[in-house]
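Asker: If you read the protein sequences in the order shown, they are chains F and B.
Reminder that position 332 of the first sequence reads as 332 in our numbering, one-by-one numbering, no gaps.
Reminder that position 51 of the second sequence reads as 1051 in our numbering, one-by-one numbering, no gaps.
Bear in mind the hints are in silico, worked out from the structure with no lab data behind them.
Pairs of lysine-lysine residues, derived as PhoX-like cross-links and limited to a Cα-Cα distance of at most 20 Å, are as follows:
| hint | chain 1 | residue 1 | chain 2 | residue 2 |
| --- | --- | --- | --- | --- |
| 1 | B | Lys1042 | F | Lys42 |
| 2 | F | Lys235 | F | Lys258 |
| 3 | B | Lys1042 | F | Lys41 |
| 4 | F | Lys247 | F | Lys264 |
| 5 | F | Lys238 | F | Lys264 |
| 6 | F | Lys247 | F | Lys235 |
Letter by letter, the chains look like this.
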Amino acid sequence: MSYDARRLVGIQSERVTNVSSTDYPGHYPDEDHEWSLEIFKKNLKVKVQRLSNRSIDFDVVGVDASIANAFRRIMIAEVPTVCVENVYVWNNNSVVVDEVLSQRIGLIPLNVDPDLILMKETPTDQATDRNTVVFDFNLTCERNPKGKKDSINPDELYINHELLSSHLVWKPAGEQEEVFAGNPPAPTNPNIVLAKLRPGQEVHMELHAVKGVGKDHAKFCPVATASYRLLPHIKIKKPIPPHLGEKFQQCFSPGVIKIDPRTKGVSVDEYNVRKDSVSREVLRHPEFKDSVELSRVRDFFLFNVESEGPYSPERMLPEAIKVMREKLKKIRQAAEALYDQVAVDGDVTMADV
Amino acid sequence: MTEATPKIKIVKGAAADLSAATYQIHDESHTVGNALRWMLMKNPKVEFCGYRAGTDLLCPVAYWLLPLSFITMITSHAPHACAPHPSENVINVRIQMYGTKLLHCPCRQLPIICHPDNLSSLQALTTALSDLDSLCETVEDAYLTSLREDRYERWEEKS
Chain F
1 MSYDARRLVG IQSERVTNVS STDYPGHYPD EDHEWSLEIF KKNLKVKVQR LSNRSIDFDV
61 VGVDASIANA FRRIMIAEVP TVCVENVYVW NNNSVVVDEV LSQRIGLIPL NVDPDLILMK
121 ETPTDQATDR NTVVFDFNLT CERNPKGKKD SINPDELYIN HELLSSHLVW KPAGEQEEVF
181 AGNPPAPTNP NIVLAKLRPG QEVHMELHAV KGVGKDHAKF CPVATASYRL LPHIKIKKPI
241 PPHLGEKFQQ CFSPGVIKID PRTKGVSVDE YNVRKDSVSR EVLRHPEFKD SVELSRVRDF
301 FLFNVESEGP YSPERMLPEA IKVMREKLKK IRQAAEALYD QVAVDGDVTM ADV
Chain B
1001 MTEATPKIKI VKGAAADLSA ATYQIHDESH TVGNALRWML MKNPKVEFCG YRAGTDLLCP
1061 VAYWLLPLSF ITMITSHAPH ACAPHPSENV INVRIQMYGT KLLHCPCRQL PIICHPDNLS
1121 SLQALTTALS DLDSLCETVE DAYLTSLRED RYERWEEKS
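One chain only, chain F, in its complex shape (with noise of 0.2 Å):
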């Protein structure tokens, strides 16, 4: 596989070359790049590569980094999720103190579908069944009566010892019995330790759960890591000596360079070849100094993205592509009220900023 010099972003021992991308009108003399829809349409090539429940890995080709660090810049930050907010504390004495217990709480990834709930419009608004989802929250401590004596496991000991999110109750209010039927609120994860408890201790505590996004805090980001990395391309520019395999081998990452078995030829796995974590370290070796160049597909995307909470790993892009959607619409909406209105009054009126 051979790429155009221009999608290519070199990679020398001590720098990086031809690092900015190039396709603009008037950067080249006689190239027209203007935008074409048709055009990036036939140059666009979106791939999943895997897909595990929790998990997808997938490839955009063709596009601008600027486009795919928005995508990713909004599963991160934007992509709406529910989180309890608020926590109302009746009892609390155990040896996690309430506000450290409640930013626990906070953190507890729940499966409440977001698309299910409104956002509240500003935080003091009224609660209603439309905006907030309610858990209570109530443990109480005992010593087991037919615990062994001696025994030093808290299991046998006591009962409820461990505050779980498990014990998280949902209480539907008004007509949430109805919307969420078939998925009633719950965390994703039932084994979160939130404190440990000794006999006489309670917690006691009315929860809030509200859509909020990542960007307000962490507790609302969708996904536990989204990420990308530009595709490595290695070029043999020589042969390497078949003595030199091995190490030539070694250099990159497993599987990212074949030798053949029988003529101890040597070259790169076309599909592997993105397995590479392009370390750099074949440019160490002064023989390997002149066989090898080393790159990145400048437009050529591997995005990895893990979802935690309720979006399954495969909706994350459509969801991010339907935040970054709204927003283009709410400002172009905006550009047009303020064409018009400059249009009628023939005057630019200026914000005093």
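Dock chain B against chain F, hints included.
Answerer: Relative to chain F, chain B alone:
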């Protein structure tokens, strides 16, 4: 967010015909700023486009045009206006269209900018926004098609 804050404001100092202007977009960041800048730069009629996150009265272009003493004067008198505070939730997008003529005002050193095309930078902004939207739609369609039709590895991940 209250309705009192408009989504877009035209920052002081724009050309009267908007052939060159700085737009302040409220409640946005690099996410929209950089993508919008890229799309505006794909427009051959745009001579210059840049953005900054955080409020700054003087966009980079204004810095080039103004004499150094003037900038020092402003920065020392109204530091809040010049130093963008990172916590301010706005971006400034500067758009300059080709064909802008620089005329010098007889009484002052500052150039006056005028342009025959009316409202061209605002039009460029609107076009860029709708082009970005169709780009997003295309990416989403391609992704959903791949998810539906392509063969890919499925695996079970333990939590």
